[in-house]
Amino acid sequence: MSDVPGTELDSTDDASADEVTTATDVEVEEPPDPHALDEEHAQLLTRLEGELGDAVLDTEPRFGDPVVRVRRDSWRRAAEVARDVLECDYLSFISGIDWQPAPKEGDEDSSDTSSPVQPQEVSYGAAGSDGRFQVFAHVQSTAHHWGLTLKVDVDETGMLAESWVPVYAGADWHERECWEMFGISFDGHPALRHLYLPSAFEGHPLRKDFPLLSRVVKPWPGLVDVEAMPEEPEEPASTAEDTE
Amino acid sequence: MNRPPRVSEAEQSRASTGERVSAVGASPTATSEPMMEVDPRLYRHLADAQVNVELDTGDMILNLGPQHPATHGTLRLVVRLDGERVISADPIIGYMHRGYEKLTEFRTYPQITTLINRIDWLSSFANEVPFIDAAEQLMGILAPPRAQYIRTILTELSRIATFLLFLGEMGLQVGALTPAFYGFRDREHILNLIEAATGGRFHPNFNRIGGLKDDLPWGWVNDTRTAMKTVFDACDTFEDLVAGNEIFEARTRSIGIIPAELGAAYGVSGSNLRASGVDWDLRRDGKPYLAYPEIDFRVWTHPDGDSFARYWVRLQETREAARMVLQLLDQLPSGPIMTKVPLIIKVPQGEIWVETENPLGQMGYYVFSKGATGPFRVKIRSASFSNVSILPWLLRGVFVPDVITILGSLYFILGDIDR
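Chains as they are written, first to last, in the working numbering: chain A, 109 to 352; chain B, 2 to 420.
You may find that some hints are simply not true.
Below 27 Å or equal to it, Euclidean Cα-Cα: the simulated DSS-like pairs (lysine-lysine) are [said to hold, decoys possible]:
hint, chain 1, residue 1, chain 2, residue 2
1, B, Lys214, A, Lys316
2, B, Lys103, B, Lys230
3, B, Lys288, A, Lys316
4, B, Lys288, B, Lys230
5, B, Lys103, B, Lys347
6, B, Lys347, B, Lys214
7, B, Lys341, B, Lys288
8, B, Lys214, A, Lys326
9, B, Lys230, B, Lys341
Think of the hints as simulated: they come from the structure by calculation, not from any bench. This one's a predicted model, so the numbers in the text were calculated from it and none came from an experiment.
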């Protein structure tokens, strides 16, 4: 992979033009803490924790938005608190996530450029998770303009979460989508029917172990006609910027 | 150049006082019946219900679509009718489901912008902005001011293009053919500008992580100023020709009223929610993004929440967007349009929710990254999906022609529903 003719030729041919675009170090100065909550959201989080007590498993600020993971049996209660106490009257979305890494495509040693290679070890997002599946939702207040993200773990054997339909009417479609895409059922949902997919569809497409079918039928052209990724230059070209 | 909005005075005073209007033509009979307190707007519905009871009309299932012209694509509505009245309506979506959330897991960040261009294809540029913003924030980089301004201008131009089409097409939905031609004609000016700047009329794919692909071409700023005049004129035309039309009012007033609280619970956003009197616009009220904090603009609301209010609010927002473009052009800073980014874009581990005020409403991406060249998962929150999810509630009890009015006034794009 290191002896890629294309990139080296380019860089010798026209060094100045190439190095301006390939400059590597982007240690751009970050603001002190991009995740810090402003006063409003910090209070919001305190109020939520006060109402829910030990049903809040973990919280973590993410780019100014509080991310709160609640216990399974308090998922609907969390929505009620968000709507009635925190005045988050607006339901932005409900969705799910599968934290299990997707199986690697192609052979171990093949230079597979068909899709980005994700790390193979399991890691969880903000506020953690204790299993493979999670449901997460975002609610907002139209009057106060604040919002927060709520998460709940889904038991892999039961695959059941509490439905939000009694709290937010709009949860209906979001939960139907989540049900067909991840196979997560919602307790209290009026009718879990297929939303996007045909009713005879089998499987749950957004699970990580569900392959992208079009690539099973026909391999990605990139697998056959491998074009090497351009290598990062060895030395950060610090003087090259001035030559422009 | 910054001329004040040309708003019909009656409508504006009502917008500021929050007074509701009753259906056109129903008020004269309101006082002649002292026996029962009934909202005058319901009189004609009552009369029809009476006929249904006397004649014992049975139910009928009507399939609207998936190819009905009023559905902007392939939305199918299964409507249960009793005579001319809708008993229940069930939207069947998914005819255009392309599985973008799955596809994003197989693409790199720069490749994904090609996909998300095709979510809401009338305002493709505006779709790119929140995703690029999410990637930039996760990487801790910031596009230069000039890039931010150009992004804002192009977002507003997309808004104008989308709304001009709506303003014309809404007339078509209720039976007036002429406005549709005006809408398409005037949108052409905006599409030409977008094409001149980005190279693409519908799918610009112009945003890059860290800035923009190109700077603006020569003469573009002046061309845009000229085109904004056309937009103001077009808005005046639509205000006279459509919004001020008695028949149009009769067809849209008090049709499809969305109560503010219910709309919010369903996730209805953007102009649709502002037409229900909710003063909430992410450009002003959300986390600061693009150049919006630096310009001065008004957020328009209307108290009625009916189809007419949705038309009226979009009409004002078109004008407001044109004024914003002029302001942005005046303040346009010079400088680079691209910040330094690595050749291979890897986004550090993390997750972020970014939302923007798109022409159709709140558009957002929840991006989970694990440090690879592509995202681990992207949740695409598209506006039309939630806007349309209120239809089963909204269509209950309306007449068949009003179904079309409501569908038209909600203004959805099928790609934005199905993703």
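Here is how each hint holds up against the structure:
1. Lys214(B) with Lys316(A): violated (33 Å)
2. Lys103(B) with Lys230(B): At roughly 43 Å apart (the allowed maximum being 27 Å), lysine 230(B) and lysine 103(B) break the hint.
3. Lys288(B) with Lys316(A): violated (32 Å)
4. Lys288(B) with Lys230(B): Not satisfied, since the Cα-Cα distance of roughly 31 Å exceeds 27 Å.
5. Lys103(B) with Lys347(B): Measuring from Cα to Cα gives roughly 19 Å; hence the hint holds.
6. Lys347(B) with Lys214(B): holds (19 Å)
7. Lys341(B) with Lys288(B): Distance of about 24 Å is within 27 Å: holds.
8. Lys214(B) with Lys326(A): Violated - the C-alpha atoms of lysine 326(A) and lysine 214(B) are around 32 Å apart, more than 27 Å.
9. Lys230(B) with Lys341(B): With Cα atoms ~37 Å apart, lysine 230(B) and lysine 341(B) exceed 27 Å; violated.
Comparing the model with each earlier hint shows violations of hints 1, 2, 3, 4, 8 and 9; every other hint is respected.
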